[in-house]
Amino acid sequence: MDANLLDITSLHVSVGDKEIIKGIDLTIKKGEVHVLFGPNGSGKSTLLGAIMQLPGYTITQGSIQIHGNDTQELSTDAVANLGVGLSFQHPPKIKGVTLSRFLKSINRCDDLDHAITALNMEPFLERELNVGFSGGELKRAEILKLYAQNPDLLLIDEPESGVDIENITIISNTINAMLQKESPMKTRSHSALIITHTGHILNTIHADVGHVFMDGKIICSGNPMDILDDIRKDGFSGCIRCIQREKDKK
Amino acid sequence: MRPYDNTMINALRNVAYDFEQEKSASFLVSDLEVLDAHSASDAIEILPISIALEKYEWLSKLSYTLVPKDKDEYVKQVADNENKLGYFIRVKAGEKVLLPLYTCYMIDTNSFTQCTHNIIIAEEGAEFHLISGCTSSAHALSGRHIGVTEYFIKENAVVTSTMIHSWGKEIEVYPRSAAHVGKNGKFVSSYIALSSVKKIQMDPLALIEEGGLGEFYSVIYAHEGSSFDVGSTVLLNGKGASSQIISRVVSNGGDVITRGKIIAHAPGGQGTMACNGLLLNKKGMIHAIPELIGNDPETELSHEASVGMISKEELSYLMASGIEEEQARSLIIEGFLDLHIPSLPEYLQRQINDIVKKTKASDTL
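Chains Y and Z supply the protein sequences, listed in that same order. Okay, so the first sequence: first residue is 561 according to this note's numbering, each after it adds one. Okay, so the second sequence: first residue is 1295 according to this note's numbering, each after it adds one.
Note that these hints are calculated values from the structure, not bench results. Heads up, some of the hints might be wrong.
What the hints assert, rightly or not - Derived pair list, reagent style DSBU-like, types lysine-lysine, alpha-carbon separation capped at 30 Å:
| # | chain 1 | residue 1 | chain 2 | residue 2 |
| --- | --- | --- | --- | --- |
| 1 | Y | K653 | Z | K1606 |
| 2 | Y | K655 | Z | K1651 |
| 3 | Z | K1606 | Y | K578 |
| 4 | Y | K777 | Z | K1606 |
| 5 | Z | K1576 | Y | K653 |
| 6 | Y | K655 | Z | K1576 |
| 7 | Z | K1493 | Y | K655 |
Working from the sequences, and respecting the hints, build out all of it.
Take a look at the structure:
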């Protein structure tokens, strides 16, 4: 039987001296799309950084496994080469490195030209990476990066943040293509963990599991649309009240 | 001297002098010997300076007017040298030459001191693109190159000058150059040095008249044991004159002083400067010295300067895409050194980028 694509067990992560992730368990199977809801500063981006083994995120307890491989001792590029790709919320500007040069360095797909056209990125190929890009252009460039990288697990940090409706549709179409949403669930090989602050992305991307992430913990998991409806109705404070009620019942 | 052997051909290629490349004119010197001086265009006159001085009486009066003989010991050494080595280039009024002119000085003998004096004249409305290479052969381990170059760029003329240095580890280089840019003239000067050298010291001067433009770009990769003291001084003499100085320096153990000075004397003078340095380790040093001097209230001068290491954020971003650390570093360094000069014609920009790539490939970058 195939190992899970991502297995997170009792994970605690600190940034500097401050503990941000305070013990979470999360499993993502092949073909599944999970979304993380949560207020600002709850630790959602820290979780993606820790999975990616970015510098500055220290795993103090627990483990992260990709395809059954513990990532504790791996470098960031080694994690990427296990099949993980991260779309950054705020990618850095890299002067002198053109988008085309960058894509050439990372490309693992056969039909990159198709994605370049779909994401309207032809005019940016000879531009310096992320330099002078608008919010929508940055997101499109990040999704194009993931397409080129062709990872098994896509980590996408707030794809709809600062992006207009037209760009959300363009971005979502390419994410859906990467996630093989046209194919039956059992034949899909790519999975995703998507952070969303507003939930708008769920209008265009179908997710299988939703999680509410608050104060460094996953406090609730379930049908993503149901969770989103509750958050829209009562806000994240409603989630806290709901959890308290559940505890009181017990 | 073994003209045109493979070692020499390769050394020349490192500084963009390729025998198979189509050229509007060319000039090639090895030690003291002029191997080639010819023009493929009626618009260009190119002569060894000794012959030009005999042909044109006025030339001796023009000589050393921009770079005075008493400027320093190096200019004096060139002026007093009995071998009048150098080139004279004149592009005729109104002529626009698209194909570049190529010149190259090579030191082929160990411990040789090469003294050169070049005079370049772009007559009114002329336009041309000069690519100058300076190099030494594999067996010339040490030596000295002292070069005086005077550019006379007349009204409405456009000159781009790209200089590529690729010297040996024990060679010292003292270029002394100055340019006078006439009314509405344009001078775009680029300097590329990516290989080891013992010492390069220069501070070219440009005087820009009304409506004229002077742009100075330099790209330097300083290996351990190399010492650079380079920069540009620009005098915005005329109303509405403008200038841009951009330097990108990488120290991989070498010492670099990168200077830039813009002096605005007249109303409407505009100048910008960016001196950026990347330190790859603790062995080297980068000292950025940007200076702005305004003598007229209607001037706009600004600068930015930075010296630091490779950004960890950029590095981890590239690594998160699956690029291993060393390759990510190379990508950032190569990008940092990539020259993008908006005022160069696109074909020339491409050609210069190719030169930089080849030079990088042949070195230890």
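30 Å limit on alpha-carbon distance, applied to hinted pair K653 (chain Y) and K1606 (chain Z): Holds: K653 (chain Y) and K1606 (chain Z) sit about 12 Å apart, inside 30 Å.
Quick one, are K1576 (chain Z) and K653 (chain Y) close enough, alpha carbons at most 30 Å? Measuring from Cα to Cα gives roughly 25 Å; hence the hint holds.
Does K655 (chain Y) pair with K1651 (chain Z) here, judged by a C-alpha cut-off of 30 Å? Cα-Cα ~17 Å, so holds.
Hey, K655 (chain Y) versus K1576 (chain Z), does the alpha-carbon distance stay inside 30 Å? holds (23 Å)
Mind checking the alpha carbons of K1606 (chain Z) and K578 (chain Y) for me, to see if they're no more than 30 Å apart? holds (21 Å)
For the pair supplied as a hint, K777 (chain Y) and K1606 (chain Z), is the alpha-carbon distance within the 30 Å limit? holds (28 Å)
Just to be careful, I want the Cα atoms of K1493 (chain Z) and K655 (chain Y) compared with a cutoff of 30 Å; is the pair within it? holds (29 Å)
Figure legend: structure checked against the earlier numbered hints; every hint is met.
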